[in-house]
Amino acid sequence: MSYNQNKPDTVYFFGTCLVEGLYPEVGMAAIKLLSKAGVRVVFPRGQTCCGQPAYNSGFPEEAKKVARHQISLFPEDHPIVVPSGSCAGMMKVHYPILFAEEPDQSEIAAFSERIFELSEFLVRIMEFRLADLGDPVSVTWHSSCHAAREMKVIEDSKSLLRQLHNVSLVDLENEQQCCGFGGTFSVKQPDISAAMVRDKLEAIEKTGASEVISGDCGCLLNISGAAEYLKSSVKCRHLAEFIWERTHES
Amino acid sequence: MKKGWIVTKQSRDKILKNLNRSQVLHFPFPAEPDNLEKKLSKQDRISLLKQNLEKVRAEVRLSNRTEWVRELVDIVESKNISKLLYSPDVGLDGRISGLWHDAVKIDRLKTRLYSPAVEIGADIRKTWQADNITDTELVEYGEEIEIFKPNLFEIDAAITSTKGAIAENGALILWPDEKEPRLMSLVPPIHIALVEASTVKTSFAEAIECGKWSEGMPSNVVLVSGPSKTADIELVLAFGVHGPKELIVIIVD
Amino acid sequence: MSHKPFNFRKNVREALDNKQLRGNLRFAMETMIRNRKNLFNDPERLEHLRETSSAIRSKSLALLPRLLEKLEQNCHQNGIKVHWAETVDQGNRIVLDILNSRNVKRVVKGKSMVSEEMHLNRFLEKNGIKPLESDLGEYIIQLAGEKPSHIIVPAIHKNKKEIAELFHKHIPDTPYTEKVEELNAIARKVLRKHFYEAEAGISGVNMAVAETGTLCLVENEGNGRMCTTLPQIHIALMGIEKVVEKLEEVPPLLELLTGSATGQRMTTYFNFITSPRKPGEKDGPSEVHLVLLDNGRSTIMADKQLYETLKCIRCGTCLNHCPVYTRIGGHAYGYVYPGPIGTILTPQMEGVDKTQSLPDASSLCNACAEVCPVKIPIPDLIRRIRNDSKSSSGKTKGSGSGRSLMESAVWKGWALMNSKPELNRLGMKAGSLFGQYLPKTGPLGKWCNIRSMPVPAKKTLHMMADEEGVDRD
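Residue numbers (the numbering used here), protein chains in the order written: chain A, 1 to 250; chain B, 1 to 253; chain C, 1 to 473.
Below, in silico cross-link-like pairs of lysine-lysine (DSBU-like), each with a Cα-Cα straight-line distance of 35 Å or less:
#	chain 1	residue 1	chain 2	residue 2
1	C	Lys193	B	Lys245
2	B	Lys17	C	Lys311
3	A	Lys65	C	Lys412
4	C	Lys375	C	Lys70
5	A	Lys231	C	Lys458
6	A	Lys36	C	Lys459
7	B	Lys163	C	Lys278
8	C	Lys446	C	Lys354
9	B	Lys212	C	Lys70
10	C	Lys105	B	Lys245
11	C	Lys70	C	Lys397
12	B	Lys9	C	Lys395
Simulated from the structure, these hints should not be mistaken for lab results.
Work the whole structure out from these sequences, hints included.
Listed below in structure tokens is the structure:
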């Protein structure tokens, strides 16, 4: 491994609450990918949630309280890598807005500067190269709203998939349209949300791909939950897990 | 009415007072990158104008100073126009003989010096009288609309001048006045417009700037791009809903 | 027009159950998205145009009181009479006074969202004047006794069969036809007669230019020109925010307006009206009135975040791109302005207490912000309105009305759980042990309407990281 002075030697990993409780294997895959890319990964204890649910629901004070707790856990000046476009967007784009009127807003802004979405970090900073060890498979890709429109990292995510020579990527109709998750939206407007996830599922089925890959566990929870409930054969996987499984030697 | 005026005056003061509380700051404009405002050559402007007008279903004919009337005759014959509304004393850019003087001033080449002025009204009349070439009746917008209205709604087509055109937008600049009232280009089912090639600008911004629009606007200016249209039913595009069903543009070079 | 009490949840259910509506909307919105995308095929140029236009609108709002005074002064000089209405009611009375004092009975109307906001037709009808809507889409919904469901294409929820029925039923001697060309021809014939006879025309205004006292109207059909040129009297209705300082600011706004709205480089007509008929001119109205409507706008202007709502140029593209609008359509929103712009504008005009859960009708997916031609941060403003709805110290009308003790307590508990690691660990553990036995009620019940229950992992990421020896500091 050659030393590259543009590449940091250590990063922090922020796991997100959905990964913590529902998809820990996604978090482990992301940590292993980062290690494989040549960087030491620190996963600070005590981290919980970025605060987005309260922030989007009209409770900014509660969001601040939770956000401050996370900020306190990442004291060193390492990049912070997040396996979710949505949580990364919250921490990078929205923390500065949330704390705009606070006295320490400039420190918060500096914290936000250190946030990277996983595929963005692997591709743009680590110039990560993949060797596909898996069997031929065709998959489709769902863009999470905030990965696409806040973090703008979809091309990075897809470029990772394209490096896998046995994986063929099938286009998904309305790929960048919201799947209907939207955090609390899914339970505050359940009918609209249901209509949205039905359409998403239908579009995925139409591709004929065996799996849908995405970079956000929120979308995956929503789409896989609906797929299971509606007895659809659609399978969902997080990008990190999908890549890790195909590229590591067991 | 008196009482109404007082109410609106009070509202005015209250609205303005409210607005003066606002703390909205304004932000500097982004710099204009050089590559965005490209200037085109005259031939490119004309071909872009033609292309953009044709995209919105206008018919475009390229002609010159001596032959444009023949195009007009061809149009009225082929479209079976029995009544053509025109203005007897209007030149190509809306002013009688104005163009000829401009040509003398701007272009000292002999050929241009003797190029004939296009006086739309006079040329049409001359052609119609001399050649007895068509049965199409020429009609003038003789009186104010209150009197002329029944006649106006019977007209098949009208021919007007233009102040110029905008290539990027595929739009004509109509500048109605006493001689060419506003409704000439709206009520008749066919609108024929004459565009002097040298008045075609690249962009809308350029037309406003070069024409010094901000120094004084006439009662009404209309940019026209194609015949009237709608897509209000199932987004199906259909032409000729309320205004003209056809727009025919003769570009005179 | 009936005036049912607003029930957002019910509206949503009805809209979602209407397969016809879903089909119409989906097709129409996808077409409009595609047309816009094809037109704006140079991202760099589009971004520059948006920057410029956003700056123009911000500047106009920053200078608003001065620009309005200048507009008034220049209009006055040009012979346009300016009226100021603080409320919808005042606006309606001004229009009625003008019509009554001249004994006008026959009125034609062009498309105007401000007139919808004023419920002008209902008001005038009560006072014995029935204005005829002349924009084809508006004419269709007037025949149907409905309201517009989209800012740009008001009858988009109707298909040609429904329109064919309407024409056949309401227009004498009209055979049933589903051919769009023929339907257009029928409307042309009927409306021409009305244009011919009309004594007054009412229109909206897309923007007004302060430096010249000019009203700008954008349209494709020519009905707007008819309404503003043929009758003796023209009454233009405009929200006070629609003014710009200079004529040179019009081209970028126009390009973005038509491009964002319909994917057109240019509409058929762009009409600049600067004065009534001058001596010697043979047509044009002899009187032009401009009614400036506030209706809460000057209050919105006082808020340094929410004022951005007023940058809106009413292109409707946020509706086309909104995954919520495209599924429920405009009528479900209950008020005049639907879609994302309605989600922020309506609560500010009517009060968050009136609009119920409307501000929740967004997944904050950012599609609207991505396409908004004047860069209104719609999702941020939706969050702000949600904040105000939950907090009595908010500035939006009706602030605090969405607060419930229960919900506040839940979020307080959530904040505690997520800022105290020990509590969080306990919570996670409880989740992994008992999560699957939770009763499917409340939010979880709603989740499970169409999804299976989330299954907590046996081990959390913290536990796995410890087992695998990941560095913790």
